[in-house]
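K.L.:
Chains as they are written, first to last, in our numbering: chain A, 24 to 376; chain B, 24 to 376.
Heads up, a few of these hints could be off.
As the list makes no split between identical chains, a pair holds if one copy fits it or if it spans any two.
No more than 25 Å apart at the CA atoms, straight line, and that leaves these computed lysine-lysine pairs for DSS-like [unchecked claim]:
no.: 1; residue 1: Lys216; residue 2: Lys351
no.: 2; residue 1: Lys297; residue 2: Lys337
no.: 3; residue 1: Lys297; residue 2: Lys338
no.: 4; residue 1: Lys113; residue 2: Lys49
no.: 5; residue 1: Lys246; residue 2: Lys178
no.: 6; residue 1: Lys335; residue 2: Lys296
no.: 7; residue 1: Lys246; residue 2: Lys103
no.: 8; residue 1: Lys337; residue 2: Lys49
no.: 9; residue 1: Lys113; residue 2: Lys74
no.: 10; residue 1: Lys113; residue 2: Lys178
no.: 11; residue 1: Lys72; residue 2: Lys178
no.: 12; residue 1: Lys103; residue 2: Lys113
no.: 13; residue 1: Lys297; residue 2: Lys335
no.: 14; residue 1: Lys335; residue 2: Lys103
no.: 15; residue 1: Lys335; residue 2: Lys74
no.: 16; residue 1: Lys49; residue 2: Lys246
Calculated from the structure, these hints are not laboratory results.
Number of protein chains: 2
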Amino acid sequence: MNTLQSIDYPIFFNDSLTELVNFIQKGSYSRFFVLTDENTGKYCLPLLKEKIDNFNNFDIIEINAGEESKDIDFCIGVWKMLIDFGADRKSLMINLGGGVVSDLGGFAASTFKRGIDFVHVPTTLLSQVDASVGGKTGIDIDSIKNIIGTFTQPKAVFIAHEFLESLPDRQILSGLAEMLKHGLICDAAYWNKLKESNLSHPSQELIHRSVEIKNDVVIADPKEMGIRKSLNFGHTVGHAVETWSLMHDEGDHLSHGEAIAIGMICEAWLSWKKIGLSEAELNEIVTVLSGLYPRYVVAESANEELYSIMQKDKKNQNGRINCTLLAKIGQYSIDNICTEAELCESLSYYSTL
Amino acid sequence: MNTLQSIDYPIFFNDSLTELVNFIQKGSYSRFFVLTDENTGKYCLPLLKEKIDNFNNFDIIEINAGEESKDIDFCIGVWKMLIDFGADRKSLMINLGGGVVSDLGGFAASTFKRGIDFVHVPTTLLSQVDASVGGKTGIDIDSIKNIIGTFTQPKAVFIAHEFLESLPDRQILSGLAEMLKHGLICDAAYWNKLKESNLSHPSQELIHRSVEIKNDVVIADPKEMGIRKSLNFGHTVGHAVETWSLMHDEGDHLSHGEAIAIGMICEAWLSWKKIGLSEAELNEIVTVLSGLYPRYVVAESANEELYSIMQKDKKNQNGRINCTLLAKIGQYSIDNICTEAELCESLSYYSTL
Chain A
24 MNTLQSIDYP IFFNDSLTEL VNFIQKGSYS RFFVLTDENT GKYCLPLLKE
74 KIDNFNNFDI IEINAGEESK DIDFCIGVWK MLIDFGADRK SLMINLGGGV
124 VSDLGGFAAS TFKRGIDFVH VPTTLLSQVD ASVGGKTGID IDSIKNIIGT
174 FTQPKAVFIA HEFLESLPDR QILSGLAEML KHGLICDAAY WNKLKESNLS
224 HPSQELIHRS VEIKNDVVIA DPKEMGIRKS LNFGHTVGHA VETWSLMHDE
274 GDHLSHGEAI AIGMICEAWL SWKKIGLSEA ELNEIVTVLS GLYPRYVVAE
324 SANEELYSIM QKDKKNQNGR INCTLLAKIG QYSIDNICTE AELCESLSYY
374 STL
Chain B
24 MNTLQSIDYP IFFNDSLTEL VNFIQKGSYS RFFVLTDENT GKYCLPLLKE
74 KIDNFNNFDI IEINAGEESK DIDFCIGVWK MLIDFGADRK SLMINLGGGV
124 VSDLGGFAAS TFKRGIDFVH VPTTLLSQVD ASVGGKTGID IDSIKNIIGT
174 FTQPKAVFIA HEFLESLPDR QILSGLAEML KHGLICDAAY WNKLKESNLS
224 HPSQELIHRS VEIKNDVVIA DPKEMGIRKS LNFGHTVGHA VETWSLMHDE
274 GDHLSHGEAI AIGMICEAWL SWKKIGLSEA ELNEIVTVLS GLYPRYVVAE
324 SANEELYSIM QKDKKNQNGR INCTLLAKIG QYSIDNICTE AELCESLSYY
374 STL
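Chain A with its partners taken away, still in its complex shape:
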């Protein structure tokens, strides 16, 4: 699998942990910090330790697993640990984990002393095909996702297939939603290939293609002025449902991919309703997603709150909700303004499936 070149950094796929060791040895860094969470600290950090000789020189910063750790309070905690450990401007931050680790670690690094270098070692399927590429960093305030962040590119991304082997099925499914989205927004052939594949163990080739699609989009539009908005398909409704679940579901809540799958069904319906997605393709999308993801009950009484969450979405302008929809499978359409009534109706559509 060939190494991809992003805006100004490489994305490695082959023997990536060895590439990481090379990167560390070649660089002139003064200090190394590894950001992990309790899971990656247990399951992934040992693989890194095996590869790196002088690992005692590395300082480990461990956060709790879960979206809650992306809150500004935890970010302050990371900054204070960097201060206490004596991190200087020539330090390197290695983000070893899923999207929470890379988003938070990227933001903390991009603002510490006005920016230190960081690399991503994504350990979940979701972060391999989504968060680790594209240079978005972000943290949450009051459960508003990524409300604070920067556009800062990592110095390299190391995608290692071995991390996926220990991943629970539900986490594989979570990443799969973004892969399916990549097909839906700009590659019908890839969408068809995914449909025919063993999706509980996505191959390295499929992952490589997903990263390639995302990478092409972000190279063309690093700061989300235009076509990068294509990646938001499913995310207007999906983010709102995800935030709602995080705030209200006790114990277990929706994974990112589960929420985005709901969002993609609602926004496929909006695409049919508003911009001419065919009924056959709407049904195809719904059949595939409903076959993969569990049913989730979104009570009608939640609509008001869901809409209010959508209004805080970064993609809006002048308070109007801006959705990315599909003209057809493989062809996105950005900047479609949707009304509260339409958005609620799309949620009703999902509920009646």
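Fit chain B to the given chain A structure using the hints.
P.N.:
The following block gives chain B in isolation, referenced to the frame of chain A:
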């Protein structure tokens, strides 16, 4: 006075508030936010209101005056107000105030929704000749100055002489320290001109020259990889003394310029001691600065803590203290490593003056 062009934005000097109105009218911004502090809200905001017709559409965010407002907690307060006011990505932040307002407002804007546009309207001499130009934003954690920040350029800077008229003498002196520094590091003729001028009312021409010097340096080195470090002359010791005063002096504490004046005396002494600044020029610098700035007692017992503050300085690498010194008046020298003993000796020199 000609408009200066910085990295990718203009710096206006003539009729600047009218230029600001033009900028607002020409832009396609959806919302306007003015960040002020209690002083600029009282003395400077009315001048803005007079110029702008539909000022009712502007949301005002007011912070307390003083360095304490640059703490991360106040930054979170600004972010939350932007959320509550419904700021979107097409919003403009207008930073009306001194360095605290521009550093904090620039950081809050550069990270809100991954970055909204901002402009600076500096209202103190210090912020006109220093903070408003160069694209550094920053906030403090645990009184460590600018430990968190970004390099993000404003969209424009509006330098209006009329704001200086109501400024207390002590605040004029605070800005003057940076102007004197500009002469010392790279323009001996300008240093001589300053010596002969009425420094309690620096002319627009002198201010223009200072901004021009700073602007030339930051254009050549936006991210402080090399020559921008020239601007750090006086700031290694100066920042430490300033932080120390902020933490320990009850009630009134050192202004930035007063602290930098002490720092420049100490670092001029280090320049004489280490890299050959002549004794005559050392004495000239000391005479000018001692004539302008009040004596401040730095107790010898503070040395340990001052050194520990210097060790946290962003400019260091591998824990070694990196100073910018002077080879002669008008010629800086970067990356001079100074030992704890040398730094303490420079403070003793200041104390015995």
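K.L.:
Indicate, hint by hint, whether the structure satisfies it.
P.N.:
Structure-based check of all given hints:
For the homomeric pair Lys216 and Lys351, the shortest alpha-carbon distance inside one copy (17 Å) is at most 25 Å, but the shortest distance between copies (70 Å) is not. When the C-alpha separation of Lys297 and Lys337 is checked against a cutoff of 25 Å, the pair qualifies only within one copy, where the shortest distance is 22 Å, while the shortest distance between copies is 53 Å. Taking the shortest Cα distances, Lys297 and Lys338 sit within 25 Å of each other inside one copy (19 Å), while across copies they are farther apart (55 Å). In this assembly of identical chains, the alpha carbons of Lys113 and Lys49 lie at most 25 Å apart only when taken from the same copy (14 Å versus 41 Å across copies).
Within a single copy, Lys246 and Lys178 get their C-alpha atoms as close as 17 Å, and across copies as close as 16 Å, so both meet the 25 Å cut-off. Taking the closest pair of Cα atoms, Lys335 and Lys296 come within 25 Å of each other only inside a single copy of the chain (24 Å); across copies the shortest separation is 58 Å, beyond that limit. In this homomeric assembly, Lys246 and Lys103 come within 25 Å of each other (Cα to Cα) only across copies, at 23 Å, whereas the closest approach inside a single copy is 29 Å. In this homomeric assembly, Lys337 and Lys49 come within 25 Å of each other (Cα to Cα) only across copies, at 24 Å, whereas the closest approach inside a single copy is 39 Å.
Taking the closest pair of Cα atoms, Lys113 and Lys74 come within 25 Å of each other only inside a single copy of the chain (22 Å); across copies the shortest separation is 46 Å, beyond that limit. For a Cα distance limit of 25 Å, the shortest separation of Lys113 from Lys178 inside one copy, 13 Å, qualifies, whereas the shortest one across copies, 29 Å, does not. For a Cα distance limit of 25 Å, the shortest separation of Lys72 from Lys178 inside one copy, 21 Å, qualifies, whereas the shortest one across copies, 46 Å, does not. In this assembly of identical chains, the alpha carbons of Lys103 and Lys113 lie at most 25 Å apart only when taken from the same copy (17 Å versus 32 Å across copies).
For the identical chains of this complex, Lys297 and Lys335 are intra-copy neighbours only, at 23 Å inside a copy versus 57 Å across copies, given an alpha-carbon limit of 25 Å. Taking CA atoms no more than 25 Å apart as the test, Lys335 paired with Lys103 passes between copies only; the shortest distance there is 12 Å, against 29 Å inside one copy. When the C-alpha separation of Lys335 and Lys74 is checked against a cutoff of 25 Å, the pair qualifies neither within a copy, at 44 Å, nor between copies, at 32 Å. In the homo-oligomer, the alpha carbons of Lys49 and Lys246 lie at most 25 Å apart only across protomers (22 Å), although the nearest pairing inside one protomer, at 30 Å, exceeds that limit.
Hint 15 alone, counting from the list given before, is not met by this structure.
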